[in-house]
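Asker: Chains as they are written, first to last, in our numbering: chain A, 28 to 340; chain B, 28 to 340; chain C, 28 to 340; chain D, 28 to 340.
Treat each hint with caution, since some may be false.
Covered stretches of chain A (chain C as the covering partner; in silico rule of three or more C-beta atoms under 8 Å from a C-beta of chain C) [claimed, not checked]: (1) 144-151; (2) 190-202; (3) 290-298; (4) 303-309.
Since the hints were derived computationally from the structure, they do not count as laboratory data.
Computed from a predicted structure; not experimentally measured.
Note that CB positions come from ideal geometry on N, CA and C, so glycine has one too.
There are 4 protein chains.
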Amino acid sequence: MSQFTSEQIAEIELLRSTRSSTIRPVSEGLEEVLYQPIPVLDHGFVRVIDYMGNDDAVVQAARVSYGRGTKRVSEDRGLINYLLRHWHTTPFEMAEIKLHVKLPIFVARQWIRHRMASVNEYSARYSVLDREFYIPAPEHLAAQSASNRQGRGEVLEGDEAAAVLDMLRQDAGRAYDDYAFMLNEGGEDESRKGLARELARMNLSLNFYTQWYWKADLHNFMSFLRLRADPHAQYEIRAYADVMIDLLKRWVPITHEAFMEHRFGAAQLSATAIQAVRRMIAGETLDQVSSGLTKREWGELCAVLGLPETATK
Amino acid sequence: MSQFTSEQIAEIELLRSTRSSTIRPVSEGLEEVLYQPIPVLDHGFVRVIDYMGNDDAVVQAARVSYGRGTKRVSEDRGLINYLLRHWHTTPFEMAEIKLHVKLPIFVARQWIRHRMASVNEYSARYSVLDREFYIPAPEHLAAQSASNRQGRGEVLEGDEAAAVLDMLRQDAGRAYDDYAFMLNEGGEDESRKGLARELARMNLSLNFYTQWYWKADLHNFMSFLRLRADPHAQYEIRAYADVMIDLLKRWVPITHEAFMEHRFGAAQLSATAIQAVRRMIAGETLDQVSSGLTKREWGELCAVLGLPETATK
Amino acid sequence: MSQFTSEQIAEIELLRSTRSSTIRPVSEGLEEVLYQPIPVLDHGFVRVIDYMGNDDAVVQAARVSYGRGTKRVSEDRGLINYLLRHWHTTPFEMAEIKLHVKLPIFVARQWIRHRMASVNEYSARYSVLDREFYIPAPEHLAAQSASNRQGRGEVLEGDEAAAVLDMLRQDAGRAYDDYAFMLNEGGEDESRKGLARELARMNLSLNFYTQWYWKADLHNFMSFLRLRADPHAQYEIRAYADVMIDLLKRWVPITHEAFMEHRFGAAQLSATAIQAVRRMIAGETLDQVSSGLTKREWGELCAVLGLPETATK
Amino acid sequence: MSQFTSEQIAEIELLRSTRSSTIRPVSEGLEEVLYQPIPVLDHGFVRVIDYMGNDDAVVQAARVSYGRGTKRVSEDRGLINYLLRHWHTTPFEMAEIKLHVKLPIFVARQWIRHRMASVNEYSARYSVLDREFYIPAPEHLAAQSASNRQGRGEVLEGDEAAAVLDMLRQDAGRAYDDYAFMLNEGGEDESRKGLARELARMNLSLNFYTQWYWKADLHNFMSFLRLRADPHAQYEIRAYADVMIDLLKRWVPITHEAFMEHRFGAAQLSATAIQAVRRMIAGETLDQVSSGLTKREWGELCAVLGLPETATK
């Protein structure tokens, strides 16, 4: 937690030491980590600020019950799996989680596309940003993928890696120095008025860190994770999603298990793909052409089924 | 609570007696009434099932703070008032409340129009509804308003009132009896298979009670109250909104105060109305024609200003 | 169209005969049926009132293009399929459709649960409803399913069918007569003031018809269809969804084709189901127990794969 | 239109020259400018790509009508004003507009906070951005406001202005050059693989231009304008909102007029402010203390009423 000021650490510790009594449902797993920053990337973090409900809340809402709504654990697990499998979304909207996240601006720009969430972002119109920017670790400094227009290829090495890292660091450093100069915040240079904060910020690059409070219900939290913890998501947002999957597990262990089974580890088969699978089970040997799928779809189906793309069986 | 079975009462008491320790923020006012049904109309109720956050949550999110975010109470109050006055909605999205509501279907049909909320309704496809329907109390049995196409006029009296009450009661009673007959649930009549629940329910009238779990954030909770606690709202939904305003006060007393000041008791003046007010303050005597407002707008402005509609000063 | 007054028919014909010139994209398929009511159930209908965009709009938005955005038809088809397969939802939000729908209230109550749409409903606070209620055709008068708590079983027959139909018809008829009596709209009975419309409506049962304007974007239109044209949806709402799938085909033929392939005819396999399929393709014979799936999941998988539930191969 | 390639201009002209026949409602005002870029800031623009409905659509939906729904123009105007005044939002959701916008990233970050809209943004993961960045015109290069933490003060002049403009230009230029170098797109330098696009983009600063397709309904379009055309909005987003208000006028002239009257030029008075106004109309002379308002609220009320802040009358 070296990135935090001692004042911030004290504030966090104060929050963690203030216990109250409640008759609301509690998630023991989340209480353990509440308020504590979990590091992500080089300067980022995720902190759980608050939550409402747990696995019981899903069950209770689905049953519109007067009491806790839970029956035996096995029945609750069965119900949660059934709801998720059959796309019953509203019971999962009945639990909420609120995070404090520090993240690079280019990650924030992807994240904000999830509209069914509430956000309060630190305002650079109002306040001055810190001198913190993201520089990829060497193992994440990747070349453009040759096959996938929006993906990464091999890791850059040697001189090229060094040159790129140097350039990113230099440019961000200069951008910040000039930002601070234009602001003239302390009024060090009495001959200058200082540029308005809302204008000066435009000089910062997209790897600078911002932070926000972000709140979503359990349904939308899982929608976020399904897309952003996916291997096709950009590594930098995936790093956040991975931490959030751990939080999901702490918060609602039964729902987490169902999520891994019916969302994260699941696959959708198109009408034509279903026919192909039926024929393969019946013993037929298929290839892309005979499957009736496009090349890309065939490749995706083979990946799901763990088959080589050339031919089956 | 005579409308509850002893089993339901036991479930509610069990929930209320189960205390946990939490390091989350707590709303003492809501803890006091958590899970307890507050009666509305003749068979309805509102129960708080869960909540997240309190006045501090609004302040903390607005400041994107590391700690509690609150400063002195006067500063927090000032900030909350400022946010509400200037339509900053996101900090108020950071607190949530979840209710269990029992309400007549025609009220549910108005309520559901508020889309920014989560709902799980008791399913009459899946279960059998109870024999409970709404009959207005005599003082709420009103005639059609002559002046307002969607409003109520005087209270019905004497024979007409008696006839109407009798008719409502008879028709609902028969609708339920026939619903139960068609269902043939217990299989009493072995010669009949029993109509599917999803079909039989169509015989019930709109005054039958349904129930749901309903969850909204503080911003949308207040939007609901602004419209539904308004004197122009139908009395039956207003009865629910009135109870919910009391809950707002228990939950977030500072926000409640700001809500009464800047939403509920506030008025919007159009560009032309502002000009009219300026002229009146400057000492001019206006009437509808000279104000430049339409008859209806003039009437609304006079109501806001506590003036007779004929002429000012 | 016997259910329409000659005045309504004239209005519709007037709309259809008024041609304008536009430089916007046009869907020829929808222009052909614009404004014309398509009958559903015994008194309902769906009418397309307006639309924005066509298949090109999806492609153009996905490419953020300066012009039409389309390339060769085969490339456009490939892109639309890719977008739908990989859950890219925003390009499908770029086209809109607006319907005028007449539907029983119990269907309206299911329909309104789709929150990402705009609705203006005919107000029974403001106006008097017509004497129109839904009575199932004999072939849709089904018994409660024994196996599925929210499904239908066999069709009712003989005396039971006759009794049920009679009861539904009688109760709805009486409900309406009493509604009209309580309203005393024309003031026929001078001794009565007439009950307020907003109260009298509560006497009507859930099979009475209401109507609304409903607007959704193409993405949410398809979400609606995926759930409501599904065999598990209640027949009465499915009747509307079936008509709307035809409209989808007229409007955006390429997207319709992709929808049938990647949504409507598709199936989701859980992580465990994928393993089971892999083993079956490898030649293994599985049953429910060895599959690792629950009984219900195993049944669902067998249905997708066209296999008997007992054992495979 | 010097910022467009001749290919883009040809595409736009092709779209404008393709006329179709439609029986949908048409907005003549918007047809005139459809597809044509309207310049904003130094490199940005707004182009209308498509629309659905016009003033009639609002009226028609509010009346749930079979035909056009319009009566006399004066009645339609009265209805639209009534709906807007009384916060009836759904009829305004029945018309849609779709724009193609080119805008600096820091403006895009404010814009995207309006969640009730659909967006497809040009992807810098997938494609390479152009060398275009925003540099404020000298008259918009403002100092930080001394009184308002999130506002602008006087315009910078002389050496300071020159230094700031130079710095912004230099830093953005270098950021782009280094972005291009790291990408090594053409493969000019054979010894380098080229950094992945999704990483290289992080070197660009927030004044670089991005572009997107953006679609909103008329209700949310007006909500955007109310906040972003407000004098307290940052100048750069206001420049876009001003152009969009002109488009509103072309599209739905009656709604535009009502918007200026009941939203843009309107003011909200708090409960206490209403009391203060009542007393002033009754002839009382008030100051901040006797008004019961805070200093800030009193200042805001005086601004609305066109009064000096010291004392009234």
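Asker: Confirm or reject each hint.
Answerer: Results for each hint:
1. 144-151: violated (count 0)
2. 190-202: Check failed, 0 qualifying residues.
3. 290-298: With 8 residues closer than 8 Å to chain C, the stretch 290-298 of chain A meets the three-residue bar; holds.
4. 303-309: With 4 residues in contact (Cβ-Cβ under 8 Å with chain C), the coverage given for the stretch 303-309 of chain A holds.
This entry does not satisfy hints 1, 2, going by the numbered hints stated previously.
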